[in-house]
Each structure stands twice: as structure tokens, then as C-alpha cells.
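Chemist: Residue-level listing of the chains:
Protein chains: 2
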Amino acid sequence: MLLGLALTACAAQPRAAAAPSASEPVTIAAVPPVFQYLYGSGEAVALDRQAYNSLVDAVRRRLAGERADPGAQRTSAVLAPTATIDQPLTLPCGDKPRAVVFDVDETLLLNLGYEYDEATHQGRPYDETRWTRWEQTGVDMVAAVPGALWAVDELRRLGVVVVFNSNRSAANAAFTEAALDHAGLGPAKHGDTLWLKGDLGSGSGKDSRRQAIAERYCVVAMGGDQLGDFSDLFTGLPQERRAKAEAPAIWGMWGRFWFVLPNPVYGSGLKGSADEVFPADKRWSDPGGKQ
Amino acid sequence: MLLGLALTACAAQPRAAAAPSASEPVTIAAVPPVFQYLYGSGEAVALDRQAYNSLVDAVRRRLAGERADPGAQRTSAVLAPTATIDQPLTLPCGDKPRAVVFDVDETLLLNLGYEYDEATHQGRPYDETRWTRWEQTGVDMVAAVPGALWAVDELRRLGVVVVFNSNRSAANAAFTEAALDHAGLGPAKHGDTLWLKGDLGSGSGKDSRRQAIAERYCVVAMGGDQLGDFSDLFTGLPQERRAKAEAPAIWGMWGRFWFVLPNPVYGSGLKGSADEVFPADKRWSDPGGKQ
Numbered sequence: 001m002l003l004g005l006a007l008t009a010c011a012a013q014p015r016a017a018a019a020p021s022a023s024e025p026v027t028i029a030a031v032p033p034v035f036q037y038l039y040g041s042g043e044a045v046a047l048d049r050q051a052y053n054s055l056v057d058a059v060r061r062r063l064a065g066e067r068a069d070p071g072a073q074r075t076s077a078v079l080a081p082t083a084t085i086d087q088p089l090t091l092p093c094g095d096k097p098r099a100v101v102f103d104v105d106e107t108l109l110l111n112l113g114y115e116y117d118e119a120t121h122q123g124r125p126y127d128e129t130r131w132t133r134w135e136q137t138g139v140d141m142v143a144a145v146p147g148a149l150w151a152v153d154e155l156r157r158l159g160v161v162v163v164f165n166s167n168r169s170a171a172n173a174a175f176t177e178a179a180l181d182h183a184g185l186g187p188a189k190h191g192d193t194l195w196l197k198g199d200l201g202s203g204s205g206k207d208s209r210r211q212a213i214a215e216r217y218c219v220v221a222m223g224g225d226q227l228g229d230f231s232d233l234f235t236g237l238p239q240e241r242r243a244k245a246e247a248p249a250i251w252g253m254w255g256r257f258w259f260v261l262p263n264p265v266y267g268s269g270l271k272g273s274a275d276e277v278f279p280a281d282k283r284w285s286d287p288g289g290k291q
Numbered sequence: 001m002l003l004g005l006a007l008t009a010c011a012a013q014p015r016a017a018a019a020p021s022a023s024e025p026v027t028i029a030a031v032p033p034v035f036q037y038l039y040g041s042g043e044a045v046a047l048d049r050q051a052y053n054s055l056v057d058a059v060r061r062r063l064a065g066e067r068a069d070p071g072a073q074r075t076s077a078v079l080a081p082t083a084t085i086d087q088p089l090t091l092p093c094g095d096k097p098r099a100v101v102f103d104v105d106e107t108l109l110l111n112l113g114y115e116y117d118e119a120t121h122q123g124r125p126y127d128e129t130r131w132t133r134w135e136q137t138g139v140d141m142v143a144a145v146p147g148a149l150w151a152v153d154e155l156r157r158l159g160v161v162v163v164f165n166s167n168r169s170a171a172n173a174a175f176t177e178a179a180l181d182h183a184g185l186g187p188a189k190h191g192d193t194l195w196l197k198g199d200l201g202s203g204s205g206k207d208s209r210r211q212a213i214a215e216r217y218c219v220v221a222m223g224g225d226q227l228g229d230f231s232d233l234f235t236g237l238p239q240e241r242r243a244k245a246e247a248p249a250i251w252g253m254w255g256r257f258w259f260v261l262p263n264p265v266y267g268s269g270l271k272g273s274a275d276e277v278f279p280a281d282k283r284w285s286d287p288g289g290k291q
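Chains A and B are the protein sequences, given in the same order.
According to the numbering used here, the first sequence is numbered sequentially starting from 1.
According to the numbering used here, the second sequence is numbered sequentially starting from 1.
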């Protein structure tokens with residue numbers, strides 16, 4: 001709907017533009033719209049709850065179907081190493097224990113403390129050493145994403161193993177285990193139910209960890225806030241990534257095997273010039289505006 | 001995941017801060033992150049497809065359940081006039097024809113032309129007369145939200161009536177009917193399947209129109225990008241709206257009867273100072289940063 005159009009990102013820019021230098025906090029009014037939306041809106045809560053309700057309902061139906069027809073072949077939500085966007089083959093499940101694989105940051109955990117520091121120091125470039133300090137000292141300044149606690153508890157009650165696949169650093173595994181415990185999402189055990197950047201010599205790509213998890217478990221669903229939380233195939237320029245996400249053999253996965261949480265604050269989706277973001281044939285010029 | 005943290009809203013602010021005066025386009029690099037996310041990210045496509053897959057799957061199950069047990073009492077996804085957040089009573093359905101009620105803008109339609117003009121004129125305040133010009137002259141510069149065409153076609157194939165409840169102006173009804181037709185989402189007929197701001201003397205609140213629709217139809221699901229697309233009860237400050245969206249009697253509606261599309265670009269969710277957005281006990285200060 002259009003109520004509140006006055007509060008657009010555009011309208012917010014001049015306030016952001018008024019932000020002072022990185023070392024001093026900006027005025028409270030200047031909190032950027034991406035933070036207002038993800039951490040301050042009921043709409044984001046609704047998207048979060050929708051994702052977790054849909055995920056748990058889908059797993060319940062899957063388990064009921066397996067009980068009703070034990071002989072049927074079941075496939076994993078993890079793509080096979082040979083999968084492509086046009087032929088996204090999934091791995092067979094066999095009798096492996098059932099699991100759901102979740103990303104952590106802005107999927108299960110809201111990094112409220114870190115993003116408050118970011119929101120009050122606008123214009124400051126990303127600093128990997130700052131994020132490392134956050135992993136080590138922010139353990140008690142996170143909160144569970146709305147619906148995440150309920151979903152994780154319900155899945156475990158159903159006998160499904162909850163596995164975490166995060167790009168937090170393997171070197172900080174103990175802190176991430178503690179952060180998940182603090183938020184009530186634990187237990188997470190590094191090397192068993194917690195997989196991190198650096199494990200198996202991995203970089204930010206998560207496929208190698210997904211394959212290792214799929215060797216132990218039948219992954220019935222995955223949850224994440226970035227396309228890379230589901231497959232490393234979602235590469236390319238903005239419109240290429242969009243085309244891949246709704247490719248004929250891919251789009252049916254969303255809300256059925258793959259469950260997405262909203263995150264406009266950071267990540268692979270925040271790329272592109274106006275020419276890359278807006279189609280060439282959809283560029284209106286206000287006939288009543290200054291030419 | 002954390003890959004791409006460098007591309008945060010914060011990192012984008014200095015570019016926005018460099019935006020020139022409202023009358024001249026900004027540099028292409030300055031497209032704000034909310035536009036990159038909604039119109040340029042594969043993550044938004046995945047959220048859209050997830051919402052529409054979940055909605056259609058839920059309606060299919062609902063209709064199958066009704067066929068299997070025709071006698072059972074069915075309730076509407078529309079709340080009763082006496083409903084509260086604690087007691088969200090829904091209307092009985094009886095034998096009325098089944099319908100799904102959708103918001104239009106950033107739910108079924110992406111206003112690409114209008115938002116391109118906004119993105120290239122940052123700092124310009126919202127102008128209602130500009131939006132009116134957009135409703136009248138932007139009919140061919142919209143596109144269907146990913147998944148919307150499939151969902152609308154599938155619902156109609158299932159015998160479900162598609163009803164539109166938008167805050168576009170009743171005075172521009174013919175233009176909005178044309179925009180929906182252009183995007184392939186029609187037919188929409190004002191006063192029958194298209195309800196607009198001004199109908200029934202309504203303002204931006206949609207409850208009066210929802211009640212009128214529910215008198216004719218059994219509404220099995222609703223779709224929207226704003227909490228007001230589901231009920232006018234979601235009022236208040238940011239954290240109040242969040243609490244209402246996940247109230248004990250409300251949160252089970254998301255992804256089951258109420259389906260949310262992402263929209264960080266405009267709307268009721270883009271409010272709040274840092275103090276209103278971030279909890280007081282979740283404010284980290286980088287121990288390695290300037291004090």
C-alpha cells in the first residue's frame with residue numbers, strides 16, 4: 001500500500017547526508033531506512049514469522065509423508081556437486097537422520113549490537129577486524145530473529161537435527177557457540193552441528209560445508225538470508241542473480257525446501273547502479289517535474 | 001551470511017551524501033541500498049517467490065480440505081470488526097465464493113518507473129501530485145512482482161476470485177485497471193474486484209473495504225507488503241507494531257492466511273530513531289574503535 005510513502009529511502013537520504021564524520025555518532029533521526037525496516041518494522045517481523053511458519057509446516061508435512069510411505073525415495077534440499085541452475089539435481093537422502101541447515105547472522109540471530117554501532121557511525125567503511133571484535137565481544141548483544149526460537153525448538157521436538165552453517169570465523173567458534181546459546185538457539189557444537197568459514201579449508205562459499213553436512217544428514221530444508229546460504233551457483237551481476245533465483249527449475253524451491261529471511265542491511269544483494277537495478281524500458285520521468 | 005558486508009547501507013551512505021540537488025540526477029553509483037535490494041537482488045526474488053509459492057500451496061490445501069470435508073466450518077482470513085490483537089476473531093465463510101485479496105503496489109506490481117525517478121532524484125520530498133501523475137502516466141512502466149503472475153493465474157485456475165484492495169486513488173481507477181492489465185495481472189474491475197482509496201469513503205485504512213469484500217466472498221488468504229494490508233490494528237510506534245505482528249494470537253497467521261512481500265523502499269515500516277529501532281540493552285561500542 002502507499003500509506004507512508006513520505007517515509008521513503010529517498011526522503012531519508014538528506015538526513016543520512018547530514019551525517020557527521022565517522023568518529024562521532026550521527027543524530028538519532030538519521031538511522032538509515034534499511035535498519036528501520038529490518039530491526040524496527042512489524043513488516044520484517046511478519047516476513048520472519050512467515051518464513052519460519054512455512055519452514056516448520058513444510059518439515060511437518062515431509063515427516064508425515066515419510067511415515068505414511070516409508071519406501072519412497074527422498075531427496076535432500078542440498079544440491080548435488082554436479083547441479084546447475086538449469087538442472088539443480090539434489091542429493092539422495094537414504095535413511096540418514098533428518099536435519100535442517102541454517103545460516104546464523106540475520107537468519108537466526110539479529111546482530112543488534114553491531115548494527116547499532118554501524119548505524120551510529122555512518123560513512124565508516126566495513127572493517128573486518130571490527131567484525132572479528134564483534135564476534136568475540138558481542139555474544140550477549142544479539143537476539144533471536146522473530147520465530148527462530150520457536151522453529152528451532154519445534155524442529156528438535158520433531159526429532160530433526162538443527163545444523164548451523166555460518167561464515168563467522170572457525171577461529172571464533174567458541175564465541176559463536178556462546179552467542180547461539182545466549183539467544184536460546186543452542187546447542188551448537190563446532191565440527192558437529194556448527195560449520196564455519198575456514199572449516200574444510202572453505203572461504204565464503206558454503207557448498208563444501210553443505211556437502212559434508214549432507215554426507216551425515218538428510219537435509220529436509222535450509223534457511224538463510226543470502227542466496228549463498230542455499231547454493232554457490234547464485235553468482236553474477238544483479239539481474240543475473242535475479243534470473244537464477246527464478247529460473248524454471250529453481251523458483252519452486254523457495255518456501256518449499258529453501259526458506260529466505262529478509263536482510264536489506266548487508267550482503268550480496270546490495271549491489272548495482274541504477275542502470276543495473278532498473279530495466280531500461282521502465283524509467284519514468286515525471287512530466288510535471290523539472291526537466 | 002557475512003560475505004558482502006562491505007556493501008552495507010552504512011557504506012552506501014557517503015555515496016548518498018554526495019547526491020546533488022533534487023533537480024539533477026545523482027551519479028549512478030548512488031542508488032540507495034533499499035532500491036538495490038528490492039529491485040536488484042536475487043534475495044528479493046526469492047522472498048517474492050517464497051510468498052507466492054506458500055500462498056498458492058496454502059490455498060490448494062484449503063480447497064482440498066473443503067472438498068474432503070464439505071460440512072466443516074470455514075473462517076475467513078479477514079478479521080471481524082470486533083477483532084483485537086489479543087482476540088483476532090475472523091469472519092465465518094459459509095458458502096460464499098472463495099477469493100484471495102491482494103494489495104497492488106510492491107505486492108503484485110513493482111513501480112519500477114516511479115522508483116527509478118525517485119532513485120535518480122534523491123533528497124526530493126514525497127509529492128502526492130507526482131504520485132498521481134505516476135498513476136495516470138506510468139501504466140506501462142510497471143512490472144509484475146516475481147511469482148505474482150503465476151500465483152494469480154493459478155488461483156483463477158483453481159476457481160478462486162482475485163480481488164485487489166489498493167490505496168491508489170478511486171479517481172484513477174481506469175489507469176490502475178490498465179496498469180494491472182499491462183502487467184498481465186488483470187482483469188480488475190473497479191467496484192467489483194478492484195477496491196481503491198476513496199471507495200466507501202475510506203481513507204488509507206483498508207478495513208472498511210475488507211469488510212465489504214468479505215460480505216461477498218470467503219477470503220481464504222491475503223497478500224500485501226504492509227501490515228495495513230491485513231488489518232488496521234497494526235498501529236503504534238515501531239516496537240509496538242513489531243509486538244503486535246508477533247502477538248501470541250497473531251503470529252500463526254503469517255505464511256498460513258496472511259502472506260507478506262518484502263518492501264524496504266517505502267511504507268509504514270520506515271520509521272524510528274536509533275533509540276526506537278535498537279533495544280537499549282543491545283548497543284555495542286567497538287572496543288577497538290575511536291571512543
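Keep in mind the hints are simulated off the structure, nothing from the lab.
Take the hints with a grain of salt, since some may be wrong.
Where chains are identical, the list cannot tell them apart; a pair therefore holds if satisfied intra-copy or between any two copies.
[Stated by the list, open to error] With a straight-line Cα cutoff of 25 Å, these simulated SDA-like cross-link-like pairs (lysine to any residue) come out:
#1 96 - 132
#2 282 - 143
#3 96 - 276
#4 271 - 62
#5 271 - 175
#6 271 - 123
#7 282 - 139
#8 271 - 216
#9 189 - 238
#10 96 - 63
#11 189 - 248
#12 271 - 247
#13 271 - 70
#14 271 - 192
#15 282 - 202
#16 189 - 256
#17 271 - 60
#18 96 - 64
#19 282 - 132
#20 189 - 84
#21 282 - 131
#22 96 - 285
#23 282 - 90
Nothing here was measured: the structure is a model prediction, and the numbers come from that model.
Chemist: Give a verdict on every hint.
Modeler: Hints, verified against the model:
Taking identical chains as interchangeable, the C-alpha atoms of residue 96 and residue 132 are never at most 25 Å apart, the minima being 35 Å within one chain and 58 Å between chains. Taking the shortest alpha-carbon separations for residue 282 and residue 143, only the inter-copy value of 8 Å comes in at or below 25 Å, while the best intra-copy value is 40 Å. With identical chains, the CA atoms of residue 96 and residue 276 are never at most 25 Å apart, being 43 Å at best within one copy and 46 Å at best between copies. In this assembly of identical chains, the alpha carbons of residue 271 and residue 62 never lie at most 25 Å apart, being 36 Å within a copy and 39 Å across copies at closest.
Proximity of residue 271 and residue 175 under a CA criterion of 25 Å is satisfied in neither setting, with 30 Å inside one chain copy and 33 Å between copies. For a Cα distance limit of 25 Å, the shortest separation of residue 271 from residue 123 qualifies both inside one copy, at 17 Å, and across copies, at 21 Å. For a Cα distance limit of 25 Å, the shortest separation of residue 282 from residue 139 across copies, 10 Å, qualifies, whereas the shortest one inside one copy, 45 Å, does not. When the C-alpha separation of residue 271 and residue 216 is checked against a cutoff of 25 Å, the pair qualifies neither within a copy, at 36 Å, nor between copies, at 45 Å.
Within a single copy, residue 189 and residue 238 get their C-alpha atoms no closer than 35 Å, and across copies no closer than 35 Å, so neither meets the 25 Å cut-off. Proximity of residue 96 and residue 63 under a CA criterion of 25 Å is satisfied intra-copy only: 13 Å inside one chain copy versus 34 Å between copies. Within a single copy, residue 189 and residue 248 get their C-alpha atoms no closer than 37 Å, and across copies no closer than 31 Å, so neither meets the 25 Å cut-off. Only within a single protomer do residue 271 and residue 247 lie at most 25 Å apart by alpha-carbon distance; the minimum there is 20 Å, versus 35 Å between protomers.
With identical chains, the CA atoms of residue 271 and residue 70 are never at most 25 Å apart, being 45 Å at best within one copy and 50 Å at best between copies. Taking identical chains as interchangeable, the C-alpha atoms of residue 271 and residue 192 are never at most 25 Å apart, the minima being 34 Å within one chain and 41 Å between chains. Taking the shortest alpha-carbon separations for residue 282 and residue 202, neither the intra-copy value of 41 Å nor the inter-copy value of 31 Å comes in at or below 25 Å. For a Cα distance limit of 25 Å, the shortest separation of residue 189 from residue 256 qualifies neither inside one copy, at 27 Å, nor across copies, at 33 Å.
Proximity of residue 271 to residue 60 under the C-alpha cut-off of 25 Å is found in neither arrangement, the shortest distances being 36 Å within a copy and 37 Å between copies. In this homomeric assembly, residue 96 and residue 64 come within 25 Å of each other (Cα to Cα) only inside a single copy, at 16 Å, whereas the closest approach across copies is 32 Å. For the homomeric pair residue 282 and residue 132, the shortest alpha-carbon distance between copies (17 Å) is at most 25 Å, but the shortest distance inside one copy (42 Å) is not. Taking CA atoms no more than 25 Å apart as the test, residue 189 paired with residue 84 passes in neither setting, with 31 Å inside one copy and 43 Å between copies.
With identical chains, the CA atoms of residue 282 and residue 131 are at most 25 Å apart between copies only, with a shortest distance of 16 Å across copies and 39 Å within one. Neither within a single protomer nor between protomers do residue 96 and residue 285 lie at most 25 Å apart by alpha-carbon distance, with minima of 57 Å and 44 Å respectively. Taking CA atoms no more than 25 Å apart as the test, residue 282 paired with residue 90 passes in neither setting, with 37 Å inside one copy and 40 Å between copies.
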